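Chemist: Protein chains in written order, with the working numbering: chain A, 1 to 288; chain B, 1001 to 1315.
Since the hints were made in silico from the structure, they are not lab data.
Treat the hints with care, as some may be off.
Facing chain A, from chain B, some residues (calculated, C-beta under 8 angstroms) [claimed, not checked]:
#, residue
1, LYS1010
2, PRO1034
3, TRP1158
Here the structure is a predicted model, which means the values were calculated and not measured.
The beta carbon of each residue, even a glycine, is placed where N, CA and C say it ideally should be.
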Amino acid sequence: MGKGPLPGEMHQSFGQEPCAVGVCAHLGKDDAVGAGHRPHHVAVAHGVDLNKMVAELFGKKTGLSGGRGGHMHLYDANVNFFSSGIIAEGMGPGAGMALARKMQGKPGIAVAFVGDGAANQGAFHEVLNMVGLWKLPFICVIEDNKYGVSVSKKDSTAIDRNSDRASSYALAGEYVGGNDPDLIFAAAGRAVERARRGEGGTILELETERLHGHFIGDSGAYRPEAERKAMKDPIPTYRQRLLAENAATPADVAALEAKVQTQVDEAMRFGRESAYPDASDALQRLYA
Amino acid sequence: MFVIGEDVAKLGGVFGTTVGMADEFGAARVIDTPISETGFIGIATGAAMAGMRPIVEIAFVDFIGVCFNQIYNFAAKTHYMSGGQFKVPLTFMIGYGGGYNDAAQHSQTLFATLAHVPGIRVVTPADAYDAKGLMHTCLRDDNVTVWMVHKRLWGLGWLGFPLPKALATVPEHDYTIPFGQSRIWREGTDVTIVGLGLTVHNALTAADQLAAEGISAEVLDLRSVVPLDRDGVFKSVAKTGRLVVADEDYLSFGVTSEVLAVIAERDPSVLKAPAVRVAYPDVPVPFSRPMEEFCLPNVERIVAAARTTMTRGKR
Ligand SMILES: Cc1ncc(C[n+]2csc(CCOP(=O)(O)OP(=O)(O)O)c2C)c(N)n1
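Excised from the complex, chain A in its bound form (with noise of 0.2 angstroms):
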């Protein structure tokens, strides 16, 4: 935040990549994602352009959109992307591109990511009464680690799942714990396939674990020191996983971990180095 390279706040994804695997796996171009304030990990998985994605974080022209919207704002047209600083707002657009989709008879479907924190606020239950009630291909995916900021999901939210809600709403609702990455993406495509079918929404509520504190400069203090211990990093545990299982070779892990260090060291070097915008930039796109 301070003088940095990096301008801006910044909350990161740390821990909760299995949702974003699990669910984008399953999607394509076609299919719309919404994000919130936390989206590298969704925009990531789902396509985003990482050179471009990259240069939008540092603020340059090569970004996105140009250095004008920032890290918690990220839009990709190309693969249908977005993401919103303000908390449940995936929800209304989310749903508005499921419902044109439906409308314009084009395939695909919609899901937005939200955290728990968002299923709070009132645009999450006025979408998901009109998702049910249209039968919109729509996914609401909420990410549970179980705080929003410094408050806690149980200070929080008067039930214990929110995927219970789906029942107000006429959706399906399923809960996976764990942070488990096959146990997400099996449910994941059960919501998708239901959403294709033109049998309707769903909301998979998926367990998981922030990592590190709210934002960069957050040390989580507030959280008890045994709730944090407790806390795993699910990469290592995946990995681990896959090699105790022989679905991969040690050989296989390192090649594709060697590939992915690769994009990600090209995509750092393609944002450092990119130029900033025209100052005089900030005055253009206000209109179409």
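Fit chain B with the ligand to the given chain A structure using the hints.
Modeler: Only chain B with the ligand this time, still in chain A's reference frame:
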């Protein structure tokens, strides 16, 4: 009284506004809410109508977008619509402003959005002394009051350390600063620079630079947006004959327009040169550093505006 909002209890406020209050006053009176602004602002309004005096924190003014109906269609209008039967002594504590690259949804100022609605009083202190005095006035008022502080004045390192002139000795004892009373931070004879909140500090730095060029600038801090100290503004401009208004809110239909209207309505002949507004251009706040800097009502733009008033209309 009670304090209600997101992260106000355990965390002590996203900007540290309520640190220690939950320990001192207890969880029943310092209440962490779900992320349900429409709901808890409605609840605070009802509680105010039923005899409580709630303080509602909205960390970023941008978030009033989701709950504005509660504020402008109900809280602000209830005293009037009920023919005075119900009072709504509700104080909002709101952060605003940019300059730290938080982009379009977390950097707005929105004085005008709130000020436009009849029934709401809107104040914004530029230093710690005024912060307490204006807050005490809000808390004693029987109406909806909005106490807004620019985030760069909260005193948090990560938002840019406070400007030296924002620090002030704050007496322990109780004191109030009346609504609608502007403050002259610096007297001058050539041009009046009207500011509020952070732009007061930019205006003061600008005034130093202008002094080096032989231009004597008077810096007037509005402190209250509603009610606006129209007499104070007019008096200063009548004396200097030139006017620059600096505001971080959007240019059009805002505080800068209203200040110019004061002069236009009372007596435009006091102006020796056309007035100049230094405000946020009418675009959302861009994220990228050079673009955001370009839009901010910074010292350079204020100095340039003051120079323009000096050269434009010598009569
Ligand atoms: C309408 C609105 N209110 C408040 C905020 C401030 N805010 C940003 S993130 C956040 C917590 C969100 O919690 P959750 O939805 O659970 O997502 P998480 O941060 O845990 O990923 C809050 C309160 C906001 N961005 N928008």
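Chemist: Take the hints in turn and mark each one as holding or not.
Modeler: Here is how each hint holds up against the structure:
Taken as an interface hint, LYS1010(B) checks out: its beta carbon lies about 5 angstroms from the nearest beta carbon of chain A, inside 8 angstroms. Here the hint on PRO1034(B) is kept, as its CB sits about 4 angstroms from the closest CB of chain A, short of 8 angstroms. About 5 angstroms separates the beta-carbon of TRP1158(B) from the nearest beta-carbon of chain A, less than 8 angstroms, and the hint is met.
Checked against the numbered hints listed earlier, the structure breaks none of them; every hint is satisfied.
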